[in-house]
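Take the given structure of chain A and dock chain B to it, following the hints.
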Amino acid sequence: MFNSDLPTRADLPTSAQLRRSTRNAALAAGVILITVVLPAEYGIDPTRIGRLLGLTEMGQIKQQLAAEAMADSEAQTATLDTPPQVSEPAAPAAQIDADLLATQVEAAVAAALAARTQAPAVASPDVATALPEASPGRSDELVITLAPGEGAEVKLVMAAGAVASFSWTVDGGVANYDMHADGGGESITYERGRGVPGQEGTLEAAFEGNHGWFWRNRGEQPVTIILRTEGDYTELKRLV
Amino acid sequence: MIRKIAPLALAILALAGPAFAHAVAEGDKGYIQEVTGVNLIPFVYLGAKHMVTGYDHILFLFGVIFFLYRLKHIGIYVSLFALGHSTTLLLGVYFNIGINSYLIDAIIGLSVVYKALDNVGAFQRWFGFQPNTRAATLIFGFFHGLGLSTKIIEYDISPDGLVPNLLAFNVGVEIGQLSALAAILIVMGFWRRTESFWRHAYTANVVVMAAGFVLIGYQLTGWIVS
Numbered sequence: 001m002f003n004s005d006l007p008t009r010a011d012l013p014t015s016a017q018l019r020r021s022t023r024n025a026a027l028a029a030g031v032i033l034i035t036v037v038l039p040a041e042y043g044i045d046p047t048r049i050g051r052l053l054g055l056t057e058m059g060q061i062k063q064q065l066a067a068e069a070m071a072d073s074e075a076q077t078a079t080l081d082t083p084p085q086v087s088e089p090a091a092p093a094a095q096i097d098a099d100l101l102a103t104q105v106e107a108a109v110a111a112a113l114a115a116r117t118q119a120p121a122v123a124s125p126d127v128a129t130a131l132p133e134a135s136p137g138r139s140d141e142l143v144i145t146l147a148p149g150e151g152a153e154v155k156l157v158m159a160a161g162a163v164a165s166f167s168w169t170v171d172g173g174v175a176n177y178d179m180h181a182d183g184g185g186e187s188i189t190y191e192r193g194r195g196v197p198g199q200e201g202t203l204e205a206a207f208e209g210n211h212g213w214f215w216r217n218r219g220e221q222p223v224t225i226i227l228r229t230e231g232d233y234t235e236l237k238r239l240v
Numbered sequence: 241m242i243r244k245i246a247p248l249a250l251a252i253l254a255l256a257g258p259a260f261a262h263a264v265a266e267g268d269k270g271y272i273q274e275v276t277g278v279n280l281i282p283f284v285y286l287g288a289k290h291m292v293t294g295y296d297h298i299l300f301l302f303g304v305i306f307f308l309y310r311l312k313h314i315g316i317y318v319s320l321f322a323l324g325h326s327t328t329l330l331l332g333v334y335f336n337i338g339i340n341s342y343l344i345d346a347i348i349g350l351s352v353v354y355k356a357l358d359n360v361g362a363f364q365r366w367f368g369f370q371p372n373t374r375a376a377t378l379i380f381g382f383f384h385g386l387g388l389s390t391k392i393i394e395y396d397i398s399p400d401g402l403v404p405n406l407l408a409f410n411v412g413v414e415i416g417q418l419s420a421l422a423a424i425l426i427v428m429g430f431w432r433r434t435e436s437f438w439r440h441a442y443t444a445n446v447v448v449m450a451a452g453f454v455l456i457g458y459q460l461t462g463w464i465v466s
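First to last, the sequence lines map onto chains A and B. Each residue of the first sequence is one higher than the one before, counting from 1 in my numbering. Each residue of the second sequence is one higher than the one before, counting from 241 in my numbering.
Looking at chain A on its own, in the form it has when it is part of the complex:
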């Protein structure tokens, strides 16, 4: 009936061997759980071994992405529930984001958080000078400081087919970016990159809506992003 012969008793492990193996397996599992799995999944690293292995960083990034996704969906729900606040959806999102991070990534990124709270102060004067004038063409310069792990999003409000030229550079390092747009239920990713010092080119709006960039500093040091835009858009806004 089967494709092999019966084993003899001697081929099988003894009961004592099996009990020993079970105990060893359970011990090994405990060690792996504490030194590898918890750091890599949740950023929980009681032994500091995960940090040495580079796994704690993975867990922290995962927690950060999860927290941001949650803050994002909460902010969007809040926007739906209270239509009058539509004009400033970014502020509550950023607040929730920072709070969640503070509780979840804790002391590990304390330094980063300290820098993070300063970042908006640096950027806001530039945003303030760049508020709406419904002229067909305009130009702006925006300076954003990003602490390690921090992200920022800036959008140009454009009509379908409108064109704007742009350039941005990263002072003090490199950044990940996602150049994309959304509006009227549509969304598109124009270009993405990791670890680049800058980008320049022309943005042609694929549809009416918000077109721009999300940047993330994955380096060890704070960086400053200097964005220059010029062209056919009505507003430049920082969302995150």
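Bear in mind the hints are in silico, worked out from the structure with no lab data behind them. As the structure is a computational prediction, the values presented were derived from the model and not from experiment. The hints are all genuine.
Computed footprint of chain B on chain A, listed as stretches where at least three residues anywhere in the stretch have a Cβ under 8 Å from a Cβ of chain B:
hint, segment
1, 15-28
2, 56-64
Every beta carbon over 10 Å from chain B, so not counted as near; a handful from chain A, in silico:
hint, residue
3, LEU33
4, GLY172
5, GLN199
The C-beta atom is built at its ideal place from N, Cα and C for all residues, glycine as well.
Frame of chain A; chain B shown alone:
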């Protein structure tokens, strides 16, 4: 993964209107898309995790060692499987050969059915001969590797540090396989010592075969509706 996330992201976007929204991947994929450069141990971990949590690979491995009792034999078969899937994993990602993930996963389901039929002696009974079990392990290993490479391509790993990270991922796959194997062997060790092993061995392989058929149906349906 991409296919599953995209409609969800679109649905959220449609609800949200003008709020910000760059489609962010989370979890392992999110991590991979955030990092650049050589990250050896994190990729070893991801390879091992993929194997240990990949029930299709585990089911096949379970079938392969079901009737192997000596460590020497287990070593030979597991090495053949590793040789097979490592080859296609590395070549598949390096040359960017992405096969439809539903179809490749359906073939992996077929490998589970094949091994279960092999174990209950169906090929000997039906065709009067025993197909080479080592060759089958190697060949299905190639397909399992293509399944792995297809998933890695979907992860969109940074080109910066790709080869070292890929090799690390492959090392992780082997570590994960050996860990899963150790756990299976301990449970099988207890089971084989009881008289019921021989009464239930046939049924157990039929159950494994059923699981393989479910995998095939699940993946083919996914292919049709996607």
